[in-house]
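Please model the complete structure; the sequences and the hints are all you need to start from.
Each residue of the sequence shown is one higher than the last, beginning at 3 in this note's numbering.
No lab work stands behind these hints, which were simulated from the structure alone. Quick reminder that beta carbons are idealized off the backbone N, C-alpha and C, glycines included. A few of these clues could be false.
To be verified - In silico lysine-lysine, BS3-like type, Cα no more than 25 Å apart, as pairs: (1) Lys144 x Lys127; (2) Lys127 x Lys86; (3) Lys69 x Lys80; (4) Lys69 x Lys86.
To be verified - Pair ranges (Cβ atoms, derived): (5) Ala59 x Ala149: 19 to 27 Å; (6) Ile105 x Ala61: 29 to 37 Å; (7) Gln67 x Thr92: 28 to 36 Å; (8) Gly74 x Arg111: 31 to 39 Å; (9) Arg141 x Gln70: 21 to 29 Å; (10) Asn73 x Lys114: 32 to 40 Å; (11) Ala59 x Gln146: 17 to 25 Å.
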Amino acid sequence: MRTSLTLAGGSMGRIRQSVSVSLAVGSLGMSVVILSPSDALSLFGFSEEEKTHGEAAPAIPPEYQDKQIPNGWLTDPKVLATGKTIYEGTANANVNCAECHGIDGKPTRKGKGAPDLSDPQEAQKSDAMWFWEISEGKRRTKMQGHAKHLTEEQRWQVIAYMRTFGQSTK
Numbered sequence: 003m004r005t006s007l008t009l010a011g012g013s014m015g016r017i018r019q020s021v022s023v024s025l026a027v028g029s030l031g032m033s034v035v036i037l038s039p040s041d042a043l044s045l046f047g048f049s050e051e052e053k054t055h056g057e058a059a060p061a062i063p064p065e066y067q068d069k070q071i072p073n074g075w076l077t078d079p080k081v082l083a084t085g086k087t088i089y090e091g092t093a094n095a096n097v098n099c100a101e102c103h104g105i106d107g108k109p110t111r112k113g114k115g116a117p118d119l120s121d122p123q124e125a126q127k128s129d130a131m132w133f134w135e136i137s138e139g140k141r142r143t144k145m146q147g148h149a150k151h152l153t154e155e156q157r158w159q160v161i162a163y164m165r166t167f168g169q170s171t172k
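Written out as structure tokens, the structure reads:
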């Protein structure tokens, strides 16, 4: 039996400890590697979103930079009601924002690492940024793009609804 302790570079340049145990029985061998949850996710192309102060937001591609929510949609009850059905997954079986972001905008266990949509800072994102993220997804996260499942109008409807989470209820 051979036991070794190795240091392996983790995601985002952090050093992680991993324990490797090898058991040799004749010609058979077994190796066990223990990874942190975020390192395990990174093996499959996912990562937990990390909030770091001073880190620049990703550059919005040119085709999305001038996108703005249509006038009046943030207060239109019909738009907000339609956006809610999309967000909650009842309007389209391929889209269920609440599954990860929660009914109230607070991430669920499945959405660990997802932004808290009820955080007023999240509401400060530009319309263009929200539209781009919903259309194309977010790289290195579980967030998938929905451009193929939702029309442009439907994406704006869900954005209008999502923006209600960051509003003060005073």
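Consistency of the hints with the structure:
Distance hint between Lys144 and Lys127 is fulfilled; the C-alpha atoms sit about 19 Å from each other, no more than 25 Å. Between Lys127 and Lys86, the direct Cα distance comes to roughly 19 Å. Compliance with the 25 Å bound is thereby established for this hinted pair. For a cut-off of 25 Å, the pair hint linking Lys69 to Lys80 stands: about 21 Å separates their Cα positions. About 21 Å separates the Cα atoms of Lys69 and Lys86, which keeps this hinted pair within 25 Å; it holds.
One distance hint, 19 to 27 Å for the beta-carbon pair Ala59 and Ala149, holds here, with the actual separation near 20 Å. The hinted range of 29 to 37 Å is satisfied by Ile105 and Ala61, whose Cβ atoms lie roughly 32 Å apart. Checking the proposed 28 to 36 Å range against Gln67 and Thr92 shows it holds: the Cβ atoms sit about 32 Å from each other. Between Gly74 and Arg111 the C-beta distance comes to about 36 Å, which sits within the given range of 31 to 39 Å.
For the pair Arg141 and Gln70, the beta carbons lie near 23 Å from each other, so the given range of 21 to 29 Å is met. Between Asn73 and Lys114 the Cβ separation comes to about 36 Å, which falls inside the hinted range of 32 to 40 Å. Separated by about 20 Å at the C-beta atoms, Ala59 and Gln146 satisfy the suggested range of 17 to 25 Å.
Of the numbered hints stated above, none is contradicted by the structure.
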